[in-house]
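*Asks:* Model the placement of chain B on the given structure of chain A, informed by the hints.
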Amino acid sequence: MKRVLAFLRPQAGWTALQVGIKFGSTLLELFLPWILEHIIDDIAPTGDRRQLLLWGALMLLCALAVFFSAAAANRMATKIAATFTRALRHSLFCKVTVLSSEQVDRFTVPSLISRLSSDTYRVNDMVDRMLRLGIRAPILLIGGLLVSAMMEPVLALIFLCTLPLIGGMLLLVSQRSIPLFAKAQQAGEELVRRIQENMTGVRIIKALSRTEDEKDRFSKANEAAVRADRQAEMTMAVANPMMGVLLNIAMAAVIVAGAFRVDRGLTEPGKIIAFLNYFVILQNGLLGITRIFTICSRGIASGKRLGEVLEAPERVAPPPPQEPAPEGHVVFSHVSFSYNKVKPDIDDLSFTLARGQTLGIIGPTGSGKSTLLQLLLRFYEPDRGQIWLDGRPLSQMAAEDVHSRFGVVFQNDFLFADSILENLDFERPVTEADRALAIETAQADFLKDIPQGALADLSERGMNLSGGQRQRLLIARALATRPEILLLDDCSSALDYRTDARLRQALAAAYGDVTKIIVAQRISAIRHADLILVLEAGQVLGRGTHEELLASCPLYRTLYEMQMGEVAA
Amino acid sequence: MSVKGEQKAISFRHVANRGAFERPVQPAGQVLRRLWTYMRPHLWGLLLAAALSILGNVIGLVGPRLSGRAIDAILGEGGVDFPNVFRYALWMVGCYALSGAMTYALSRLMIRISRSIVFDMRRDAFNRLVSLPVSYFDRHQPGDVISRISYDIDTINTSLTHDLVQMAASLVTVVGSLLMMLSITPLLVLVFAVTIPLSMAVTRYRAKRVRPLFRERSAKLGAMNGFIEEITAGLKTIRAYGREEAFTRRFDGKNDEAVDAFYRADRFACINGPIVNCINNLSLALISFFGILLYMGGRVTLGNISSFVLYSRKFSGPINEFANIISDLQSALAAAERVFRLIDEEPEPADDPEARAMDDVRGHVEAQALRFSYEPGREILHGVDFVAPPGKVVAIVGETGCGKTTLINLLMRFYDADSGRITLDEHPIRSLPRADLRRAYTMVLQDTWLFYGTIRENIAYGKPDATEEKIVAAAKAAMIHGYIESLPQGYDTLLSDNAVNLSKGQKQLLTIARAILIDSPMLILDEATSNVDTQTERQIQSAMLRLMEGRTCFVIAHRLSTIQGADQILVMDKGAIVERGTHRELLSRRGTYYELYAAQFQGA
Chain A
1 MKRVLAFLRP QAGWTALQVG IKFGSTLLEL FLPWILEHII DDIAPTGDRR
51 QLLLWGALML LCALAVFFSA AAANRMATKI AATFTRALRH SLFCKVTVLS
101 SEQVDRFTVP SLISRLSSDT YRVNDMVDRM LRLGIRAPIL LIGGLLVSAM
151 MEPVLALIFL CTLPLIGGML LLVSQRSIPL FAKAQQAGEE LVRRIQENMT
201 GVRIIKALSR TEDEKDRFSK ANEAAVRADR QAEMTMAVAN PMMGVLLNIA
251 MAAVIVAGAF RVDRGLTEPG KIIAFLNYFV ILQNGLLGIT RIFTICSRGI
301 ASGKRLGEVL EAPERVAPPP PQEPAPEGHV VFSHVSFSYN KVKPDIDDLS
351 FTLARGQTLG IIGPTGSGKS TLLQLLLRFY EPDRGQIWLD GRPLSQMAAE
401 DVHSRFGVVF QNDFLFADSI LENLDFERPV TEADRALAIE TAQADFLKDI
451 PQGALADLSE RGMNLSGGQR QRLLIARALA TRPEILLLDD CSSALDYRTD
501 ARLRQALAAA YGDVTKIIVA QRISAIRHAD LILVLEAGQV LGRGTHEELL
551 ASCPLYRTLY EMQMGEVAA
Chain B
1 MSVKGEQKAI SFRHVANRGA FERPVQPAGQ VLRRLWTYMR PHLWGLLLAA
51 ALSILGNVIG LVGPRLSGRA IDAILGEGGV DFPNVFRYAL WMVGCYALSG
101 AMTYALSRLM IRISRSIVFD MRRDAFNRLV SLPVSYFDRH QPGDVISRIS
151 YDIDTINTSL THDLVQMAAS LVTVVGSLLM MLSITPLLVL VFAVTIPLSM
201 AVTRYRAKRV RPLFRERSAK LGAMNGFIEE ITAGLKTIRA YGREEAFTRR
251 FDGKNDEAVD AFYRADRFAC INGPIVNCIN NLSLALISFF GILLYMGGRV
301 TLGNISSFVL YSRKFSGPIN EFANIISDLQ SALAAAERVF RLIDEEPEPA
351 DDPEARAMDD VRGHVEAQAL RFSYEPGREI LHGVDFVAPP GKVVAIVGET
401 GCGKTTLINL LMRFYDADSG RITLDEHPIR SLPRADLRRA YTMVLQDTWL
451 FYGTIRENIA YGKPDATEEK IVAAAKAAMI HGYIESLPQG YDTLLSDNAV
501 NLSKGQKQLL TIARAILIDS PMLILDEATS NVDTQTERQI QSAMLRLMEG
551 RTCFVIAHRL STIQGADQIL VMDKGAIVER GTHRELLSRR GTYYELYAAQ
601 FQGA
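Chains as they are written, first to last, in the numbering used here: chain A, 1 to 569; chain B, 1 to 604.
Simulated from the structure, these hints should not be mistaken for lab results. Heads up, the beta-carbon is just placed ideally off N, CA and C, and yes, glycines get one too. Each hint can be trusted.
Some chain B residues flagged as far from chain A (calculated, every beta-carbon gap over 10 Å):
#, residue
1, ALA28
2, MET39
3, SER177
4, LYS208
5, ARG209
6, TYR311
7, GLU345
8, ASP352
9, ALA355
10, PRO376
11, GLY383
12, ASP418
13, LYS476
14, GLY490
15, GLU549
16, ALA576
FRET-style restraints, in silico, Cβ to Cβ:
#, chain 1, residue 1, chain 2, residue 2, range
17, B, GLY176, A, PHE23, 31 to 37 Å
18, A, ASP213, B, ASP344, 20 to 26 Å
19, A, ALA16, B, LEU98, 42 to 48 Å
20, B, GLY176, A, LEU30, 23 to 29 Å
21, A, GLY270, B, PRO27, 53 to 59 Å
22, A, CYS161, B, GLY94, 17 to 23 Å
23, A, GLU223, B, LEU55, 31 to 37 Å
24, A, PHE31, B, ARG40, 44 to 50 Å
Per the computed footprint, the stretches of chain B lying under chain A, defined by three or more beta-carbons under 8 Å from a beta-carbon of chain A, are:
#, region
25, 62-72
26, 75-84
27, 118-126
28, 130-142
29, 224-238
30, 273-283
31, 447-459
For reference, chain A alone in the conformation it holds in the complex:
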């Protein structure tokens, strides 16, 4: 929570000013009844119309001053809250983009979405309302206490006794409700997930006529979210009436004690009446404070959730390797990795690639091909072994340095709703010539047939392109900055053979100096590679060129025969 409130610090000056204005405004407003009293008590009996006019005008003036100061304070509160939220969300988003893949997995995506949206609204609401309502209540409380203490210290003491009780009660209630509010927010994530799943899987759901079941599933999530929310609110609802009861018991106690004091001649009944009047002001102040507590409990629960993301530990670079840097552009040396740390997904993998060479990786589903790429991109740290890039240990390099070297196409990679051009450039500096070459090489000439060309907009996830068009656009994106290293993860599965063949030829011709790592199912896609790794269950089953593997690796030969058979049959 502290981490979240720190975003208010840059506005400490404005906040102080706002609080000051609100303070003045509240005092001015309390001044109004005093003038009224003065008119009735002192001016009315004299019958002095000039005085009446004067004080009446003063009252009007006062009312206007209250208005202007209150309006200004409220506007400033809104402004402060807006600036605060802007900065908070910015930092939160920044942090989300640098979370490690493991951290994203742990938070889950629907949870990150909820935190970025609904939790930030709630915190915004808390700050805004705190600034608008949070000043008046304490003033009323403290002011009321001071005046009543001056008037009747003994009776004020009785009242003072109830304060710890009330404070303790508020603390208890909010302590219990904050985790409940956090739970409610968490239950809301399930709704996000359900909507996301249903929108992306609509075809399958409709095809299997599971719509009714999906409604039930949503209904359960909805029920759970509503229940969690209700529970939190119900807990909070105790505070207000409890406080009212406590206060009024105190009031009765004041009267009884007052009665004893009057009986002994220590005070007069009139004083008790006046005391009770101030009591009402005090009561209003406390009611206000209770309200603030309610708002805060919700906000704090959300703030804690935001804090969890903001405080997620940054990546710590492992100690630098002891061994000397090996020759080569991309080097894996005895790399092992496991996602669940039980069964290795990559087991003692080594290879060396010189600049401009091509590595082909082939192997059955789940053999660790994509994992290898993820390690190379440093999405995950290897459990053992070292990866070297251009003679430097990957684990010691700055993230920007690593990532600026790569062009990557994942399986079913990400496109976003913007123009094709924006998707191609992907926020990188791309020259016209490089772009054109990339498009040509990737066989993405379909762009020419689109009326607006590269300026045409894609829909979300590029769903208005066919699978093959998406893949070619992604390849063009990977090439557009002339990367040092190109990673292609089975990126031509949706291309027909003809396009695929043209793509490979163009790639070899125009991007000869680029080190390429190609994961593929088809041997045809990698047969010309300088080195081919045959992976199975995270282990290297065979390595070498196409010809060598045909001779040495039975699995490779079987694959080749199967695929050639496919074509030749």
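*Replies:* What follows is chain B alone, placed relative to chain A:
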């Protein structure tokens, strides 16, 4: 070989609509009436709440009288009537305990009602969402829909129900105080004849102006949510390219718009309170001024003025409240518009009333002169005909974007053809219940879809009542059983977002297992094994062949090996079927198919 200009299968029609929330604005009255339909089932609860609230107010008024009595019993030094002081003090405590209990009951009741309304609204919005045609999902961002179902519905309910009860309860106070003031001195009430219309006019005017601001606020938050939802799906790619900062800048743009829209609405709304408060203070000043003038003229007593002022305070309290409520209401209305717009989307047109359930599908599919366009003027299919006899395999080949997937969309009635018709067993598919038609097919798509649930649930998704043996058998046939068994939790492993690092191929195998489990008369395989390696593909081939046996199959694949055995191959180009026949027939024709086929050797 000439490079053929490709079919413009791309439809950009939807994209133009993105961000277009500007449909005709619904009048406030209409939106309110619809909101009322959600509150109506809770009519008795709401009435009870209003009653509790009024009663609470009344008891609240009794309290001061009791304390007054108690104080009256304190006559002075040595003259305190202790029994009465104690009695009234006790009464006071009892009275407030009662009022506290009532306040608590009231809050509980209101929380219950408002959460129940939230539940109903969310349910209605979601149920409508899932009954919308596929085209809706092709052009709406999940993030925006999430924002409607969560943020907007929450906004409607944070205040609405509470406000209504508050308004009903305070109406009593307003009327009561007005009567009291009239009885004291009607002349002074004239002051309100100025200030109340004034505050009403101001409130009305401001309400009108603030509503578009709130509308903007909801829309921009929705847009930001849409962006967040979209980008979180691409975090890995963004990191792979090291574009974190650039995308944060993009986010900043959306964030700025959302914060600014929020600020503009809030900035406008936040001075409603001070304005009305000011008008109230104005009345106070006027009342004291004219009251004293009247007193000086001997028309009223000082006591009168003092109680008049007290009542006028009671009177203006609720008026103040009204102003805040009206502003809350505007934000609720703006949010409600967005929710109702979702609920009002046209669902898939109802099945033909004459539609008869299909009980025994043979699987004879015919298409005649199919024409289709996603957007007017950009036709994707230009008159497609074919016959798929029961149990036969029809393969569809053609370059990327030639209309293959569109054809599948029409077969499943995800979209309806503009002209021409498709029949299933001689029934036009438009005359069949959609659910029956779709259930007649099993579909395996290239884009695998798995949901948050156990592996078992995912495999059994098409047949939730499948036995454990059948599920395991399907997984074995799809060559994924071994992998599942190797997981610590086996079939009970939860497929959360990334926690289990399934490869794309493994995901595809799971969806194939899902398809194997469904026993439907027809099959659609759209690049069903594109992410599966050759060896595994070979291993599951027997399962696939068994799956296809005796079923009408539509197969889209780039690996021509998959389709060589097809009974009929349709070669599509630019939205039309240019060649058809068996593998051998087409090869001997040396046309488009031959070219596609030859390209494989070039690559190899």
